[in-house]
Structures are given as structure tokens and as C-alpha cells.
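J.: Construct the complete structure from the given sequences, taking the supplied hints into account.
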Amino acid sequence: MDREYGVRVAIAEDVVLGEGVVLGYHVVIESGVKIGSGVRIGHNSVILKGTVIADGVTVGCGTILGCQPFTNSRVIHSVSEQAHLEIGSGSRIGNDAVVYAGSRLGEDVMVGDLASIRERTMVGHSTVIGRSATIECRTTIGNRCVIQTGAYITADMVIEDQVFIGPEVSTSNDKYMEPTLIALKGPHIKTGARIGNNATLLPGVVIGAGAIVGAGTVVTKDVPDGATVKGVPAK
Amino acid sequence: MDREYGVRVAIAEDVVLGEGVVLGYHVVIESGVKIGSGVRIGHNSVILKGTVIADGVTVGCGTILGCQPFTNSRVIHSVSEQAHLEIGSGSRIGNDAVVYAGSRLGEDVMVGDLASIRERTMVGHSTVIGRSATIECRTTIGNRCVIQTGAYITADMVIEDQVFIGPEVSTSNDKYMEPTLIALKGPHIKTGARIGNNATLLPGVVIGAGAIVGAGTVVTKDVPDGATVKGVPAK
Amino acid sequence: MDREYGVRVAIAEDVVLGEGVVLGYHVVIESGVKIGSGVRIGHNSVILKGTVIADGVTVGCGTILGCQPFTNSRVIHSVSEQAHLEIGSGSRIGNDAVVYAGSRLGEDVMVGDLASIRERTMVGHSTVIGRSATIECRTTIGNRCVIQTGAYITADMVIEDQVFIGPEVSTSNDKYMEPTLIALKGPHIKTGARIGNNATLLPGVVIGAGAIVGAGTVVTKDVPDGATVKGVPAK
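Chains as they are written, first to last, in our numbering: chain A, 2 to 236; chain B, 2 to 236; chain C, 2 to 236.
Derived by calculation from the structure, the hints in this document are not laboratory data.
Possibly wrong hints are sitting among the right ones.
Because identical chains cannot be distinguished in the list, a pair is counted as satisfied if it fits within a single copy or across any two copies.
Straight-line alpha carbon distances no greater than 30 Å define the calculated BS3-like cross-link-like pairs of lysine-lysine that follow [unchecked claim]: (1) K191 with K236; (2) K231 with K35; (3) K186 with K236; (4) K186 with K231; (5) K176 with K35; (6) K176 with K236; (7) K35 with K50; (8) K50 with K222; (9) K50 with K176; (10) K236 with K35; (11) K35 with K222; (12) K222 with K176.
T.: In C-alpha cells, the structure reads:
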């Protein structure tokens, strides 16, 4: 780049870089980060303290990895400093995505552009987190799931393996809708269930294994294994 | 940072920086900006012309503060140059967020990652604007409200104090759905009302004080104070 | 900027810059890019390989233009290297937006903040793609359309001219909701149709010319020209 003036990356002294790592312009890598062989990080991305990235991962441009949670006085659950973010080998993170410390993505995970994943979330291998999807904290997502574009996965949810969640699906864990110290409970979606686009799941509902929830459905009660439901409320 | 090559921030000559300000790498701060004591701004964030940030504010990485509005020929309402953005003391802005000039956030406000707030919007103190939430222009939001993740707050809306708006709630101000110079009118949500996730509010509806709107509800008419409604349309 | 230390842009040797181009700080411009006269690019934006930007375009801060698609093993449709992104004259792209290679935006197009547009998508002139809207691949959007904030436009959709799509509308192209090599088919929305906010469109539905779909409606069948439908399912 002949016509560049100034610039390259800002990288802490103790960062461990594997062989063949390729870093874009204006990348920032903070202290304690470990980056495996063959990792590629796009321009203007930021890798925060302690993040561990396995071999062969690619990260797009403008992405922020390893953020610490924050809050204000309106949020009565306190937040604490999280351990490092871990990203499994071969995973691919898009552009302008945000992933928090204290979470772990398995191998071969795909995270779309503008998606965000909060702290203490575990994502299994070969799962897709779609573009602009939002995953809250303390949620567990299994292997080979698809969370489609713009879906909202609330905190304290359990999503088992091979689940399909359509675009713009909305989930909730808060039946009080006001500040409370009562433990919140997100939906539990069992293996192989499929949720149609823009469906709404209420706090704590269980979607049975292999069940199908139609597009636009509002699910207020548990859905048995293998059942198909649709409508408002779901029937 | 021993291994850095080149770089730090780009900061205009007339910028006022309080004591103990901490700036990340590749931060840009334009002319006329005033930044209070103890403010922390993450890597790769941009503070545009004239923005005023009070003491103790924190800003994440990749966030853009103080944007001017823009438009194309399809949008028949003209936009004009806005006065500066103001952010109250102790507020916390996340990562990859976008906040426009001409707006004012109170004290102790929290703005989540990837959220955006347009011009001429007033946000009261201790309110939460969730991750990926989108707030349009000329809207007023009270104190101690929670606007959850992915909610869409249209232009010309009034949200009073202590309101809860669930994830992915959608609001509208445009009953013509075509270019018009008729004044648009967003919903008005009164004190303490609670709106469930993925509910849809039509233009100009009034949600009474303390009312509850169920998840997935489509609200086509005013809801009285203290009432609970659900269904499509709401009953 | 007197107080800057270091930095400016990183720009490949063969980049063609028109007269009067204004580049922000920390802009990255890769090889083969052509930028017309009077173009303005905000701070921390990235223009990737081969992107062609016509005269008079403005781009906000933190935006990524010309990304290549990526995938993991869960997505069974392969992705291939795409030709360059083209942006027509006078178009305005917001902040923290993401637009892929292999797409073409017409003249006078507006793309909002945090919006994303995938590969092989064609957008006509004077169309608005709202903030945080997400447009998938291989979709065609006509002239003078408005795709409102947060709308989700799936892959393989056809949107004709003068169409209005409300905030948070959700569309789908995948009736199997599992991996399949069967060709997927998105909705087809004809000229002048208007879709209310948070409506849900199922795979392959045809919305007739001038038809109106009410807010929150779930459309499961074709809607005739000029018809008005609402409810779950639409009637």
C-alpha cells in the first residue's frame, strides 16, 4: 500500500500470534490475547483483553470481540468482570459484530454481520448465528442450530441441537416486565424444533423435540414433542 | 503497547478534555467537542463536531456520536443541520452504537450495543435503550424507562416515565404508508405502561398509565389506564 | 487537527480517486477501488477490493463496503467470490452499515445506519433502505421503494417499484426450515403495494399491485391486486 500515510495495528506486547496470522489496518489487540495459526482479522476490528481465538478463525471488519458487560442504575442485576471470550477453530465472524467476554463459541460457528452475543453464552459447534441476531447472556445453544437473521434470543434460554429459529423471532424471559430479583426464565427449545419467522415465545415456554411453530405465532403455553402449532395464541 | 506501529488518536485542536480522560486507539474527536472528567472512550470510536459529554461517561468501541441526519429524494421531509449531541453524566454507551446530533441523553442512561438514536430525541435519566434498539427522531422518552433489545421506537412518539417496552416491539407513525406532508403521529405511552415482546402499535394510539399490552398483540385503538389487552387486534 | 498524533488513511496504490474526494481518519481503501468526484467517506470506514463508487456519494463513519460472503458447514449452499460492489451517483450510505460485493445500488439510494445488504442484490434508484434493515442475497428491489427501519428482506425476493415496507416487517423464503437444496423462493411484492409494520410474509406469497397489508398481519396466501388484508392469518 504505497499511498498509505502512517498507521498499522496497535497490539499489546504480550499478545501471542500463531503462524500466518493476517491483520487488517487499524486492528487493536489488547493484552493477554492469544490468536491461533492462520487467523485473519479484518480492518478496524478490536480484540479485547484475554480473548482466545483458535486456529483458522476469520473475523470481518469493524468487529469487537471480548467486551465486558455494563449497566446503569435501572438494571438491578449486577454485572461482574467476565473471564475471556473463546472462539473455536474454523469459526467465522462477520463485520461490525459484537461478542462479549465470558462466552464460548464452538468450532465451525458462523456469526453474521451486526450480530451481538452477550456474556456467559455457550454456542455449540457448526451453529449459525444470523446477521443482526441478538443473543443475551447465560444462554446455551447446541450444535448445528440455525438462528436466523434478526432473531432475538433472550437471557437464560436453552436451545438444544439442530434447532431452526426463523428470522425476527422474538423470545422473552420476563413475565413481570418490571425490575425484579425473581429469577427470570427463558424458553427451552428442544432438539430439532423449528420456529417460523416473526414468532413470539413467552417466558419459560417449552417447545418439544421436533415441534413446528408457524410463522407469526404467539406461543403462550408449552408445545408437545412433534406437535405443530400456529395462530395468536398458538393452537 | 510495545508492538504497536504508528497510530493513536486524531483529535481536533479545540477539543476540551477533562481530567483523567482515557481514549482508546484510533479514536477520532472532531472540532468543538467537550469531554468531561473521567470519561472513557473505546477503540475506533468517533465523536463528531460539537458533541458534549459530561463527567464519568463511558463509551464502548466502534461507536459514532453526533452524526448529522441525511436523506434522499424519496424522503419528502427535509432535514437540517442539528445542534450538538449532549450526553449526561455517568451514562454508558455500548459498542458500535450510533447517536445523532440534536439529541440529549440524561444522566445515568444506558445505550446498548448496535443501538441507534436519531436527531431531536430526548431521553430522561436512568433509562435503558437496549441493544440493537432503534429510536427515530423527535421522540421524547421519560425517566427510568426500559426500551428492550431490538425494539423500534418511531418518530414523534411520547414515552412517559417508568415505561417498559419489550424486545422487538414495533411502533408506527405513518397510516398512509406513502409520501405525505401531513404531520405524522407516533403512539403515546403513559407512565408505567408495559408492552410485551413483539407487540405492534399503530400510529397515534394512546396506551394508558399502568396498562399492560400482551406479547405479540396488535394495538389498533387506545388502551385505557390500567387495562390489560392482548390478541390481534387487541381486546 | 493539531493534536493528532500519527495516522491518516491506508489506501492501496492503484485506487482511483476523483476530484474533491474527502476521506475521514482511519479510512481503509483496498486495491482496485474507484471513487468518483466529490465523494465523502467518514472516519473509520472501509472500502474493500474493487468497489466502484460514483460521483457525489456520501458514506458515514464505521461503514464496510464490498465484503465477500462467507459460510460454515451448516449452510449447504456454497458461496463464491463476488464481483465488485457498485454504488450509483448521489447515493448516501449511513454509519456502521455493511454492503457486500456483487451488489449494485442505483442512483440516489439511501442506506440507513447499521443496515446490511448481501451479495447479488440490485436496488433501483431513489429507494430507501432503512436503519438496521437487513437485505439478503439475490433480491431485486425496484425504484422509489421505502424499506423501513428494521425490516427483514429475505433472499430471492422480488420487490417492484414504489413499494412501502413498514418497520420490522419479516419475510421468509424457507418453508422447510431445514437444510435443503430445493430452490428457495421469497415473496414477490408488486408495484405500489404497502406492507404495515411487523407484518410477516410466508415463503413465495405474491402481494398484488397496490395491495395493502395491515400492521401485524401474517400473510400465508397470495393477496390480489388492490386488496386490503389483515389478521392472523390474513383475510
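J.: Now, for every hint given, state plainly whether the structure supports it.
T.: To see whether the hints hold, each was checked on the structure:
Taking the shortest alpha-carbon separations for K191 and K236, only the intra-copy value of 18 Å comes in at or below 30 Å, while the best inter-copy value is 32 Å. In this assembly of identical chains, the alpha carbons of K231 and K35 never lie at most 30 Å apart, being 47 Å within a copy and 50 Å across copies at closest. Proximity of K186 and K236 under a CA criterion of 30 Å is satisfied in both settings, with 22 Å inside one chain copy and 27 Å between copies. For a Cα distance limit of 30 Å, the shortest separation of K186 from K231 qualifies both inside one copy, at 23 Å, and across copies, at 21 Å.
Neither within a single protomer nor between protomers do K176 and K35 lie at most 30 Å apart by alpha-carbon distance, with minima of 41 Å and 42 Å respectively. In the homo-oligomer, the alpha carbons of K176 and K236 lie at most 30 Å apart both inside one protomer (21 Å) and across protomers (19 Å), since each shortest distance falls under that limit. Taking the shortest alpha-carbon separations for K35 and K50, both the intra-copy value of 10 Å and the inter-copy value of 28 Å come in at or below 30 Å. With identical chains, the CA atoms of K50 and K222 are never at most 30 Å apart, being 42 Å at best within one copy and 50 Å at best between copies.
Taking identical chains as interchangeable, the C-alpha atoms of K50 and K176 are never at most 30 Å apart, the minima being 36 Å within one chain and 42 Å between chains. In this homomeric assembly, K236 and K35 never come within 30 Å of each other (Cα to Cα): the closest approach is 50 Å inside a single copy and 56 Å across copies. Taking identical chains as interchangeable, the C-alpha atoms of K35 and K222 are never at most 30 Å apart, the minima being 45 Å within one chain and 52 Å between chains. Taking the shortest alpha-carbon separations for K222 and K176, both the intra-copy value of 13 Å and the inter-copy value of 24 Å come in at or below 30 Å.
Hints 2, 5, 8, 9, 10 and 11 from the earlier list are contradicted by this structure; the remaining hints agree with it.
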